Structures are given as structure tokens and as C-alpha cells.
Amino acid sequence: MEESQVVNKDSSKWEPRIIAFLCNWCSYAGADLAGIGRLQYPPNVRIIRVPCSGRINPYFVFKSLQQGVDGVLVSGCHPGDCHYISGNLVARRRFAVLKRILEFAGVEKGRVQFTWISAAEGERFSQVIKEVTEEVGALGPNKRFVKEN
Amino acid sequence: MNDLYRPRLVTIRKTVIENEARDIKTFELVFLEQKDREKFKFDCGQFAMLSVPGAGESPIGIASSPLDDEYLHFTVKRYSTGVVTTALHGLEEESQIGVRGPYGNFYPLKAMQDKNILIVGGGFAFTTLRSTIRYLLHDKNRSRFKDITVFYGARSPGELIYKSELKEWEKRGDVNMYVTVDRGEESWKGRVGLVPNVLKEAAPSSENSMALVCGPPIMLKYTMPPLLDLGFSPERIITSMERRMSCGIGKCGRCNIASKFVCKDGPVFTYKELRDLPEAAV
Amino acid sequence: MQECEKELRKVAEKLLAEKKVDLIIGYEEGSLPIRTRPVFIQETGETSRLVWNSRCESNLCSYLKTIKGRVGIVAKGCDIRSIVGLVKEKQIKREDVFIIAVPCAGIIDRKKIEDILDGRELLEGVENDSQILLKGEGFEEKVDKDKLVHASCKSCGHRNPVLYDTLIGKEISQPEIGECSDLEEFASKPGDERWAYLNSEAAECIRCYACRNVCPACYCPQCFVDQSLPTWFGRTPHPSDSLIFHMIRTLHTAGRCVDCGACSRVCPMNIELRMLNKKAEKDVKELYHYEAGINLEELPPMATFKMDDPQEFIK
Amino acid sequence: MKEKIIKKEQIGSWLEGLGKDYEIWAPVKKKGLVHFHHIESTKEIHFDFLNSKKTPKDLFFPQSEVLFSFAKEEVETTPQKARIIFAIRPCDAKSLALLDQVFDSEDYQDPYYVQRREGTLLLGMACTHPQRSCFCTSVKGGPFEKAHLDLLMADLGDGRYFVEALTERGEDLMEKDDSLQDPQKEERGKLAKVKEEAEKKVKSKLAMEGLEKKLDEIFDSSFWDRVHQKCLGCGICTYLCSTCHCFALLDEKDKCGVQRVRSWDSCMFPEFTLEASGHNPRISNRERMRQRVMHKFNYFVKRYGETACVGCGRCIQNCPVNMDIREIIEEIENERPLPS
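Residue numbers (our numbering), protein chains in the order written: chain A, 67 to 215; chain B, -19 to 262; chain C, 1280 to 1594; chain D, 66 to 405.
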């Protein structure tokens, strides 16, 4: 992640940069399916595959924002479908508190988003990316936590 | 003027993996600017700060001889928790890094002149001793010193570093080599035994002699008594210490052993000095 | 209060004499006016050093994490909730701790006294049940303790212990605690304003980590800010890094923080980020109906789940 | 050197006059805490302060500063405008002299520190109200100590200040205002009186004699097992200390790239001495606490001939568990040395 410094080379037209953390078993496969199905979705997202949504540490989200990404998407298996039985369910509690505290601190609603996407939901994946890109785009560039010296 | 902490740029010309575990690597570095090389005058036993942008700096003993004027050698062990050592090991040849130094004091080569020299090293802590041996054995210097005896041990044959040089030195008639390993292997034809034991057995004379000792703390602990028994006085046993460092020049305050800074007053200490420092634990 | 102190000393003396504990951790008078400080007593005859008053501000439970042996600990309502948490999270064994509970009507916030003093030096503070007399060169001022009570204590719903081995004195009346009005007020401000406030507080942080080290709930062998591989966040007092440090600490203590207020009391820079902890506390209560440190049975909320946990936030 | 009397209401115009050539830094109260800030107007100055919360050492040795950036070839250092620190306490001025020993040593001069130090004048404000936690007189200082200052002002208690120039640079500052009166016998008498009163207020007297040697003797004593028990291991005492100067060189990343940063570090943190191999020579709080005490009262003395403590009392006031260095010193004095 350290290397994936997201910088807009051409600033003539600002485009949101989004990091998506996808669980290996469902959401990443969903993204794959979207690819195989040649489904169109905005190229603004960089995908990072993680073993399970339970692997998502809040550090990832903070670090992403600090390094200047404009949006973070976290996606795992639907409840009940977790490859590790309950990884996403424990994660769900963490996400709920994380999202609330971020918004409480003034991080705009929509900057950090959570979703469940199954391996069969290629179409839904491309739809979610479209929506998230639009929403983050509407928020404008992220200014929270970004270090600019 | 603001270059006290600024490293000079060097290129990694060559890397050599030294051991079977592949976590000890020797880096051959050449300065980008000739004037930096000329300024970098050092003596055996000194260290420098190696700098990988983004990872930080780490103090590493200089393993090449001051007479190797074309390049610098640093032998670095990678630790899973070491940010800089991990970064260094990940670099390819031709990468650029920074070198800042040389720092610290050095082995008392002047005092060693016309004396028998005993060198005792263990494991990976053989780097500045290697620098010293290269220096002593150089054609220009050999005649200035009397007998040179080297004891060097590692856990296993695969963990011995500078293997090809060890072989070369063994072939020479003007240096007594005692290379040993803690545990042998089938293919290992050499000595098996802990360094202190091999030393006891060989019992080199302390007459007109000085000993340079470098190794892991446990080896140091068991090497000092036999050396004292052989008649080496604590002032003539020289060793080198290491501590976490940040500045290398006695300001950042972390590498002290009692009132001495390892970076400035050391890293080379006599056993006598260390015994008088409460925190040294030797 | 003096009665309590007498009883406390008697109990401590007896525990040590009967060798029921190896050590008593309590409070003694400090070296500066109105300060108390932790004291470790191992010998009988030394228990007369123990004091109990509304200046006993430390949460002594942070010592339980490292001390070996059977410990008698003087604990306020909030401290006891910390102990419950530590037992629940298997950091300490219940049988190794002898809880000497002291009902607490609230701790005096020294920072409020400093504000009143406004640069004058305090030479003596004399406390009675309702007031504290502040004396210095050329001034004497009586202040109602109510005005000095720490913010955490004002919203404390557990003045009386939830768990104890012995209770000093009698239980005291527990006022009804409503919603935290400060929190409501803060939450209703625009996002930019909230962000600006938290940033300006974080900008004062000198990264001394006193808040973390005093916190009974912070017991990781190595804190994430000190990790080097990977180095998660910067170690300089850059506001971004400092705010992230405090926010992640909030997340790590969510569902575990008992709002004892120790972190804000130790802060040398008077940083006020208690709001974050209050917010997490409220959310956990709202979402998972859990209050930290109330009983030994319920599973910690962030270590468990229910199939039907709320997930309206999931897209 | 020259002496003058200045009325409190004159200070503003005097400093504003000096402000043409100098940046003025003075005690300012913000959010309830007094710190030294760069001031635009003398109205910002907070005169009635005991001492600042943080020490003014960070004006010379900031908690964090970029040494250089890896992206750029050379760091552009903006030339430092000459500064005046107004109302620095004599104890804090002394601490700078101690830091000089470290950062301006014979062999290596730290350019960042030295440049700031040379470009700064110290206008001391005598301490007419030493606090209970002060012990400057035990460590070769005093509330009216003149050493290392360019100028010392003392509040005579009647709305007037006695100003004494201590260096030529200080004298120049005084000459910038020709409305200042020369002191008369009466004012000198008053000065002697406030000075005497202030010195009397420093009640803590510590026997520092022999402390260095005693520490050598008790290095392995069980004293250290006891004394560290309460300590939380936080960095307050070191970060608010006016003489603590340990630092780390760190590589920090931001949007623009990697920078090498110098940042304060504390011997109270385990990571301070943690080596890459996992070995830590100061393995527990016991060793770290000992290091802090030894560094101030033994190692620094051995190296530079002075105690690395100015008796400002900040560590005592700010310690969350009220560890008191005076009591520790006293206990050390009473500790029986180990049989050798």
C-alpha cells in the first residue's frame, strides 16, 4: 500500500482516486466476474485483495486517507457466506463503529463505504463502483488526514 | 554547512550472500562523487550510517580495509524487525543508497605494531575484524606485525561468512587460522567446537600480544576468562560494541553504555574500560 | 471522608497482616499541594500512608497489568469497571485482585483549579465534604467541589462499585444520568467545525503517550504507533498523525473504555478528546446494548457478533 | 554594564521598537497554557506567569524538524531572522547553555541548533515568584541568575522593572530606547530586596555534593527496583524537561515524498534502545528510569562537568503520578552503597 501513492499527474480534470479492499473469496471474485463479463465500470478504483473483510484493520482506512486517496471502499462476503464462517460478522461491528467515528470527526459521509458483494455479483460490483465513484466524485478531493508539507 | 546529517550517495556495485540462511549480505559500495570517497578516510573498526530513503539509517561496521580504496564493504544481517536491514536486503545491484561517516574510534593499530596479534571472532560479528585482517595481511603492512592468529567460529559451516577469503588466508603461511563451527555437518572437514574451547586448546601465547575480540555477547562472556588465563591483561583485550544509534556523533543520546557513547567513545573499547562501565554487562 | 480513610487503613492493615495480599495499591498524599499519588504498600505498619479523598485522581488499575502476585487495590467505581474489563479480557485473574471499593462522588479536576488560580501558585488546599479552600500568597478562596468535578465523573453512572471484595463506608446516592449533552451539542455542529476542533486539539499533542500508558485498557505489548515494520503512522507530532493516533486508540478501546477520565487528567497539554471516547461508548451502547465493565459474564462487544447486528450502513 | 529602569507601560513600545529588527517571542497564554510564541503585538504578552508549560528549548531544538528532503538536492533554509526571547526565566536560559555543550561541541556542531542559537537574544525575566517545586539554587542557578542571558529584567513590584545589560548585544537593545531612566539608589535597594525575597522562596535545598559518586556506587542497587514502580513510562518528564535533548532521525513520508526528520525521543520509551535484532539493553522501566537519573546527575556531569538539570520543577509538576525528582535524589543520598 505504501507504494500505491495516488497522485493525479494531470490536474486539468480532477478524478477521484479510490482504494477498494476486497475479500478474496467473494468480493474479489465478484470483481473478477465483472471483468470476465466485460462489464464497464469507472477506472478510478485500485483494488487491494485481502483474505477476508475481517482482515481489514482500521489502520488501512486511515492510512489510505492520509496518503491522499479520495475514497475507500471495503467489501466482503454477505453475512452467512464468509469463507471463515464469521470473519465478516465480527468485522461488521468494527466497521459500524469505525464509520460512525470517522463521520463524527468530520470525514464526509460517503468518503469511506462498506458493502457486501458475492462472487456471483459481477454486475452488482460494477454498479457499486459506479455509485461509489460518483459519490466520492461529488464530494471532491479528500482533505481529511492528508499530510501536505 | 547543513550536511552534518546528510548522507553521501553511493551505488551498490555488487552484493554477495554470505550465508546459507541468506540473511547476511555484503554490499560493495562505490561513491558517486570521487571527492566523497577522498573525504571518507577511515580506520579499521570504524562504522558508518547506511541510509535507505524511506526506511532510515542504520550503523554498520566497515568490513573493507582502508587500503581497499576503490570501494567500501558493509556486511549486513537482515532482521525481520529491522526496517533498514530489510530494506537494504531488498535492493538490487546498481541501486543508490546513502553513506554517512565514518564514525567512532578504531582498533589501536599503532599500538599493535611489532606485536603478535590475536583475532577472535564469532558469527556475523566478524566484519570489522575482516577489515583489520585484510589490512594486516596487506603486502605493505604484514612485516610491521609479528604472528597473526585468527580464531573464527560460527554456528554451522553454512553460517561462516567471507568463506572464500577464509580459504585464501588458510593457504597463506603468514597467518594461523583456526576456523571452527559449533555443529558440524557431513561435508564439513574442519574443526568443530566453540570458539572459547578452541582458543583454550590452542593456547596462543600472550607474550608481546594483543587480542581483538568480536562476537555475540555469549561468546564474549566465555572468551574473556580463557584470554585472561592465557595472560592477556584487560588493557590488551580489545573489543567492539554495538547499540542502537541514530546520529552516530554523540548527540542523540541513545547508544550510551553508562557515560560512554558507543558511537563516539567507541565502538572499540578495551576489556578494562568495559569492565569499569556498570551498564556494559561483560 | 475521614471515617472512610480510617476504615481503609484498617482493612489494608488486616489484609497485609493476614497475608491475604502481597501488596496494597492505594493513594497517598503527594509532594505538591492537593496532589495525591499512587503508593505501593507491602509492609504492615505503613498503611497509615493511605488516603482517600476526592483528589485521588489516578486509575490505579494500569499497574495491575504488570504486577505479579495477589494485589489489594483501592478502587473507585470506574476503576472497578476497568478491573472487570481486565478480568474479562484475561489480562488478570479475578482471584489475584482484592478489590477494596470506595464509593466515589467524583474526582476533582486539577485543571479546573489551575483555571481558577490563573497563574497564581497554590500553596495549600484544604478539603472538606463540599468545599475546597485554596490558599496561596495573598489569597484564600473557597470553591464548591461541585464546580471542580471532572467531566467524566459528572456523567458517571457507577459511583457505587459493580463488584468488590470489601466496601469502605456505605454506598452513596447515584444521580440519574441523562444523555451526554456536550456530545450531543458537538455532534450537531457542522462536519468542518468538528474536524477543525479535533485537529486543533491534536495539534497540541506532544506524543508523550501518557494517555495510553495510564489507560488500563491499553495493554498491547507493543502499541501500533511504535511498530516499525510496517511503520503505520508518523511518529512526529504532525496533527494528522496525532489525530489518527487518538482516533485509533478510541477504536481500540471502543466497548472497553469505562470513561474513567484518566487519559484526559494526565495530559500535560490539556487536550480534550474525551468526546471521541464518549462517542464510541454511545455507539456501542446504541448498536450492541453493551456497557463496559458492568459484569464478568457478557462477552466484549467487539469480540463477538450477532447475525442480526444492525447493518444499515452497508451499501 | 548598563542598567536602566523601565516602566511596565514602556515595555510595549520598547519591544515594538525592537520588533523592527527582531522577531519577538514572548510568553502567551492560549487555551489555559503559557508558551513562548512569536508575537505580532506586545498586547499578547502574558506577564503574570510562573513559568511556561513547555520549555523554550523547542525554539532552538524543535520537537520535530525536517533536516532534508530526498526529492530535492539541497534544502532551502530560509535565513532565520534575528530573534528576541522576551521573559525567558534564568533556569531556562541555563538549560540552553547545557544544550550548547551537546549541540555545539568541539567536534560536531549541529548547524540547525547553532544557527538558531546565534541568532537569538535572551531577555531574561528574573523569577520573583519561584514555586514550591523549584530547586534552581541547588543546581548552581538562582531566580536572579544572570549567566547566559543578554539582559536581565526584574519586576520591582511597583510597576517598574530594573533592567541590566549583560552582554554588548543586550546593551544595544537597551540603547534603542532613550526614554529609559538610570537607576537610583532607591531602585537598587528595591532590587536587592526582591532578589533576596525570591531566593528565600526557593525552599527546596538538595545536597548535590557527592551525588555523582553515589550514583556510581548504587548502579546495581535494589533502589532502582523500588523507585520505578509507580512510573508509567510516559514521556512527559523528558519532553517537558528543559535539558533533555535525545532525538531520533526518522524518515517520514508525505504527499511530496520522503523527508529525513529529526524528532524528540525519550529514554523512557522501550523503543529508544530496541535494536533490530530484538535485543534491548534497557529491557524494563527499571533500567530506563535509571538511565534518566544517571544521565542527568552522573553521565552528563562526567562528560561536561555539569548537572543536566536546572531545577525548574516541570517534571515534578507535570508527572501524572507525582514522581518527584527531589525525593528521588534525597533517597539516593540516603541509599547505602552496595558492598563492592
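Just so you know, these hints were derived from the structure itself, not from any lab. Quick caveat: nothing in here was measured; it's all calculated off a predicted structure. Glycine included, every Cβ here is placed at the ideal spot set by N, Cα and C. Honestly, I wouldn't trust all of these hints.
[To be verified] Below, in silico cross-link-like pairs of lysine-lysine (DSS-like), each with a Cα-Cα straight-line distance of 27 Å or less:
1. B:K95 x B:K120
2. D:K318 x C:K1390
3. B:K252 x D:K119
4. A:K209 x D:K96
5. C:K1468 x C:K1298
6. A:K213 x D:K119
7. D:K119 x D:K96
8. C:K1414 x D:K94
9. D:K108 x C:K1424
10. A:K175 x C:K1414
11. D:K270 x D:K250
12. C:K1594 x C:K1390
13. A:K129 x D:K95
14. C:K1390 x D:K367
15. D:K318 x C:K1424
16. B:K169 x B:K180
17. C:K1594 x A:K129
18. D:K367 x C:K1391
19. C:K1561 x C:K1426
20. D:K278 x D:K119
21. D:K205 x D:K96
22. D:K278 x C:K1414
23. D:K278 x C:K1390
24. D:K205 x C:K1390
[As the list claims (entries may be wrong)] Non-contacting residues of chain B with respect to chain C, defined by C-beta distances greater than 12 Å in every case (computed):
25. V(-4)
26. E145
27. D162
[Unchecked claim] Just so you have them, the derived chain D footprint on chain C, three or more residues with Cβ under 8 Å:
28. 1504 to 1518
29. 1535 to 1547
- Message: Can you confirm whether chain D covers the segment 1504 to 1518 of chain C, using C-beta to C-beta distances below 8 Å and requiring at least three such residues?
- Response: As far as the segment 1504 to 1518 of chain C goes, the hint holds, because 7 residues have Cβ atoms under 8 Å from chain D.
- Message: Check whether the Cα positions of K213 of chain A and K119 of chain D lie no farther apart than 27 Å.
- Response: It holds: about 25 Å lies between the C-alpha atoms, which stays within 27 Å.
- Task: Decide if the proposed pair is consistent with the structure: K278 of chain D and K1414 of chain C, CA atoms, cutoff 27 Å inclusive.
- Result: 40 Å, violated
- Do the alpha carbons of K95 of chain B and K120 of chain B lie within 27 Å of each other, as the hint requires? 16 Å, holds
- Straight-line alpha-carbon gap K318 of chain D to K1424 of chain C, limit 27 Å: Status violated; Cα separation ~48 Å.
- Query: Taking only the CA atoms, is the gap from K1561 of chain C to K1426 of chain C under or equal to 27 Å?
  - Reply: 25 Å, holds
- Task: Verify the proposed pairing of K175 of chain A with K1414 of chain C, using a straight-line Cα cut of 27 Å.
- Result: 51 Å, violated
- Item | Satisfaction of hint between K96 of chain D and K209 of chain A, Cα-Cα up to 27 Å | The given pair, whose Cα atoms are some 26 Å apart, holds under the 27 Å limit.
- Message: Does K180 of chain B sit within 27 Å of K169 of chain B, going by the straight-line distance between their CA atoms?
- Response: 21 Å, holds
- Query: Are K318 of chain D and K1390 of chain C close enough, with their CA atoms no more than 27 Å apart?
  - Reply: This hinted pair is violated, its Cα atoms lying about 36 Å apart.
- Report holds if the minimum CB distance from V(-4) of chain B to chain C is greater than 12 Å, and violated otherwise. Per Cβ check, V(-4) of chain B is outside 12 Å of chain C; nearest 24 Å; holds.
- Task: Assess, step by step, whether the Cα of K367 of chain D is no farther than 27 Å from the Cα of K1391 of chain C, and give holds or violated.
- Result: 43 Å, violated
The structure shown violates the earlier hints numbered 2, 3, 5, 9, 10, 11, 12, 13, 14, 15, 18, 20, 21, 22, 23 and 24.
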